[in-house]
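> Build the complex: two chains, separate frames, hints provided.
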Amino acid sequence: MNKRRTRIVTGMICLIIVVLAYFAERFPFYVYEEEELHTSLRQFFSVEHLVRLQPFLIVIAMAALSIRICIWIRGFLLPRDQGDRKAANGKSVKLRKGKRPLFMTVRWIFMIAFSTMVMFGGIWCGFILAGIDFPVLACPTNRDQLIESSCYFLSHLPVLFEEYSPTGIVLFFVSTIGFALLLGRTICGFLCPMGLIQDIMHVIRQKTRTEGISMTQSLYRRLTSIKWIMVLLMFGLVFAGGEFCSFCPAIVTSPVLAGMKVSIYLSGFMMVIVLVGSFFKRRFWCNICPLGYLIGLTHRISPFRVKKDTISCTECGACYEACPMGIKMIYTERERTDVTDINCIMCGECVRSCPEDNALALAFAGKKYYTASRAGLMSGFECDPDPEEEREAE
Amino acid sequence: MMKENNMTMETSPEKALQSVKEETGSPDQRSRSEKEVRQEIRFIKKETMTCAKYLRRMEELDGMPGALQPFLDTLRAVYVELKNPLEKYHQKTVGTYCVMAPQELVYAAGAIPVRLCSGNYTAFSIGDDLYPRDACPLVKAVAGFQKMGLMPVYRDCSLMAVPVTCDCKKKIVEMLEQTHDVFPLSVPAGREDEDIDRYVEELYRFIDTLEALTGNRVTWDLLAAGMNMTGQAKYELSRFLKLKKSMPYLMWGTHILAVMNAAAYMRADAWSFHMNRLNRELEKRIEKGEKVTSRNRPRIMLTGSPIIYPNMKIPLLIEEMGGIVAADETCMGERGMSDPPVVVDESFDGILRALANQVIRPCSCPTFVNNKERVYRILQMIKDYQIQGVIYHVLRGCLVYDYEYLFIEEELGKRGIPVIRMESDYNEEDVEQLRIRTEAFIELIRLKQAA
Ligand code: SF4
Ligand code: SF4
Ligand code: SF4
Ligand code: SF4
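Listed in order, the protein sequences are those of chains V and W.
All residue numbers for the first sequence refer to our numbering, where the first residue is 9 and numbers rise by one.
All residue numbers for the second sequence refer to our numbering, where the first residue is 472 and numbers rise by one.
Source of the hints: derived by calculation from the structure; they are not laboratory data.
Mixed in with the good hints there might be a few duds.
As the list claims (entries may be wrong) - Straight-line C-alpha distance at most 30 Å; calculated DSS-like pairs for lysine-lysine: (1) W:642 x V:315; (2) W:843 x V:315; (3) V:107 x V:215.
Chain W with its partners taken away, still in its complex shape (with noise of 0.2 Å):
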């Protein structure tokens, strides 16, 4: 098998932990005894050898577009070379986790937000010894690379601000705050008026932290600049679906979730500068009719848990069997930046407001109490993106996306559209089952199809 061969190191780890020991100074300064100093050589080594594995499937699908090269590179570069690909700004960053932490207001502080939610197995397997058996393991990658303080990008943040969603993010405030400084953020689980009313509250509370942090007092300039420049990302983003939509064979969607996932360690205005090259560069593919793909592959959505690089083996195993994810509505893919922020009124405050109803109303994250418009979300997309299948995806643990499932199974049932849940967890032990069941998916489709 390919994966097993494949195996040669782009960097040796002995090296990549002492590079990163230099760069960032360990965070207290013991000594390691002997044991500690292999275990950390260990879990760079697996961890730099997964990454770098998955990165390489990715590269393996033809017709990668040539701008998509940066996004991969970004990455690398966090989970290959074990680098902070932010350092260069030299501005502090603020390590988020979640879509429900605005990133304007980190932009108009003069801080770089970035997005911390892991995928890592190797991070996953440290995570699994510290937090309950049950608990979700994108939160248990988080305690393990806390645990470890080999990650640069993790190391780097100067605040981490939790937006309070789902119970396994609010446990990890306490483990965070022992080695940072972290700003929960509270989330209402409503969307009435009164709770857009609290979420403002909350997003000045959000604001003094930030200044206390950068020393910047967030003017009105500071604040539009900041919309601006996810404004601008949004755009491209927006851009990009369209092209999508006008032809589902554009792009390979394991290539589209690595450009989603990259934007969480680029400042936005470079993401957008890469999303315009790529949407040029598509452009004229759909001009000359150019495709990733000859054949007529079933078109999956891919729904649920979120799916985290380097966790992309549902999504490769879809396109490696003979599909193509052809939408996704997961909250490390589109959701997470699809709805612009619409301002009606300029004040401060309105657009404090214009954020905050982004943020809340139209996000189909299911930790909210009501959020039977994701189902309406799902059947736009099925039309939009010409959807024949859905998989939905469930990370074990993750309860609230569990507890949708049935849910959307009825109301896609209703509307003859097969899906199937697909449980994993942030290791390789359940890939062949998955590998059946996605091919079984496919070749359902494919016998609708012919039908």
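So that you can see chain V by itself, here it is in the shape it has in the complex (with noise of 0.2 Å):
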């Protein structure tokens, strides 16, 4: 019964995303009589980049608004309300935890360094590798970026057939399967511009310690249902007579922020919802990017792997509930020992909340780069005993 209102009501979400999305024109969000779609180093020092930055501020304003309405909505349907437990004692205390492994810092270096190159590489360095195209989603809209992502010739197959030689086209190709293949869905965990917004917001979260949203496999399944029609829209709507771009989100990231003009439609309202989706549900997004979807499907031959020692693992769950992407298999697994698996964007969030040495690692090429410690995990804890502590024992 239960379950048969959840299918209906996936259904629905579907259906209105579908519908949604064919009109996506039709709900103006940010729109310019002219574009203008070139910028300059001079420009983006300017007063006049702030001022097209508005789209962007506003997508910001309406998440923040979104977000407090949502936390406020929930103080009255939660019959357990937390609102006054994270006013603090008196004292502030510090949650005791592992240091920030090297592999985590050298994860965020990546992802802000290939957004700010996606965004401002061509403006700032000056030349342009055109026509290497990156399977990331980042708005190649923008036509001064250092490296493209291919995401529009993606979602307008017709477009990229007219408009290349069939040298372009070959070149097209081979840059992003080759990619896709080569690096599989470390694009995601370490390259992704959409990626780093979305674990900036769940960075916010944490900082301010709200309460987020507790998933589980049934409502993953749901989001994997939407993930489809997405996968669909993205190909098909073009040959519908649609337009994918006024649908999605990441067009308000690296054009805006690059400092064009671009008009934005439902794109504006979708980048609030990934916002809002993904300050309560880590990367919410890349749960149902049909991008993502497709660089996983070369999870068996891509070079990166997630490996497990299947004694070690104490089927502790921790990796689990780290995993943004909801993997489940990669706790209960008690068989292989290589555990990639589709939606797996090699965060390396398991590895380093699991608690068994060795159990855990993220390998390139057979070769392990990150692997779990229980040292690492509790490093925080290293210390002497309070010399009060010794006073008293005394």
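In structure tokens:
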């Protein structure tokens, strides 16, 4: 009964998404009279740039407002209100935990550097590696970027075949598929700007200690069906006369941040949803991202792997709790030593939270580059006992 | 035999009884008949004697690290001197009956948790008449203490939190309710996402009860402080286990079990403090290459029903008969504290989820519906501690552990690791029989070793 209801709800959501996507251009969010798809370094450092950031700022403001409203409503719906639990009790305590592993620092540096490159690389460096396409969600409307993202042509296949020369087409597919094969969804964990934005939202939630949404497998399954609808839309909308870019949330990021005048339709609202969603549920959009799903198809051959020692694992489920993609198999698996999943974005959160030495590891071409260790997880507790306790114990 | 003629008393039972009465005030003020008083004196006499004897046997094992003394002293204070070692903190105490009642929450509410699972023979003999014949001795011993009402640690508790795990635990709730406020903490039997959600709700209810008890509102900071407190203890334990993995003859297993048992009656920060000292002492030992035994003793692992002081006969027998308990997989031993909660979401709710996750998922208690993970844990420990044989301890009446024996025997058999099942009760009648079996088992391992 309950199952049927959730199925119906999911079906409805999918239907609404399809309809909205089809009529995306009827929902103007921020429309320019004339678009301007060019930026320059000079403009970038002028006041005008701030004006051009407007749509982005509106999205952020709307998202902040929506988050507040959501928390407020939840206060009514949840019988146990935690508002006053957040209040500090005189002295503020720091929750001890493991120090940030080097791996995570590197990952953040990669994400920030790459996102910056995709947005402003061309303007700053002055040259463009035209034709090299990364399969990430970063809007390539901005042609000044150092490295392109391939999503525009993937969602507009006819345009690709009409406008490009055969060599261009070949180059496009070789670079896109090549990167997908070589890096797999490490792209999602390390490079994609949308991923970065969502991780930032997660960090904000951690800092404000706001309660999130605890996911279950049945909820994840619902997201999976939405993801397939997204894949369908991404490839199919152009053939049905729609425009995926008016729907895709990523357009609010790179072109707008780079200071271009692009009109934004439903995408603006989508971005608000993405921000709110990823605030309460880490990497919410990645769970329904069509591009991410496509890259994931290479998970069987990509050299980036998640390895597991099936004996030392205690099935503590910490990895599953930490996994932003809700991959349960990683903690239940007892047979295979390779637990790379189609949804895995190689973010390493599972390895970071695994308390058993060597139970989990990330590996590239058979070489482990990040391994779980209890000492690392509990490194925050390394200290000599309190002198006060010492006195007491005497 | 040494255990018979070494019965000198540390405290006279009359004096102990007197001090118990004075310090805590008897629970019911009705005047006692002469017969009852005599029974009480007899109880205390027997109880203190047995406990003192086991303490002495532990102290007689040579190579005891000096830093171990505070742990033994705690056990002595509770069971021989009949004191409440937690009294000095002037905080309310909450009795818990299993590792599945998160101590963090009790600390966060400003109370101190104390684990009351009992291994006491004298209390058992009283509980034996109160409970069905086939009930597990652990709950019979608890019932015995409850009936006599003489133990300060039991009596001083302001609340009893009983995780509802096995059948026997379920039934002690009613019994405890006669004298104490009791919070039955439902523990799910499965480990699915929905089970964790349900358990989190249960933890919120537990927090409410604790708040009503202490009058403190459990805020994020208090919860974090509670987490840090037990986290520190877990950190010291993980350090200790690492040392032990590097050298199996570092310390007697009986002593390690005493350390883990003492944790039940010590505040976590005091325990970690003494643990830190022990670790430092052991580190020095490793540097110097000191061991507790020079012989190549068979390394035995103890698993199964909990080994609770003073019911230390099996580990003591193993080590007195020439083996060493190199690892234990029991809930009063290292299992109860070795899994750290991994906080991946720092909201209040997130911390509770981490706690729930840590209590339910890695716990290899056989009361869970599917507990195959236990075998893997045992296998990993066999590897880590270079175990040569496994003794599977079953308390008479503890069905859940008995059930799992067959599966574990089969799995270990496939890998050529000898394992025997040892059933015991809370009395000393079966000691001779256990001794013979232990001896034979150790011989068997020796022969295998020689071959
Ligand atoms: S799944 Fe996430 S990180 Fe990967 S391409 Fe999509 S938005 Fe980017
Ligand atoms: S399985 Fe691990 S690496 Fe993969 S998405 Fe989950 S947490 Fe990240
Ligand atoms: S965190 Fe590590 S030990 Fe825990 S379930 Fe995952 S792999 Fe196993
Ligand atoms: S698990 Fe076994 S020993 Fe523990 S209370 Fe239950 S029946 Fe008794």
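> Look at each hint and say if it fits the structure.
Here's how the hints hold up against the structure:
no.	hint	in the structure
1	W:642 x V:315	violated (44 Å)
2	W:843 x V:315	holds (21 Å)
3	V:107 x V:215	holds (16 Å)
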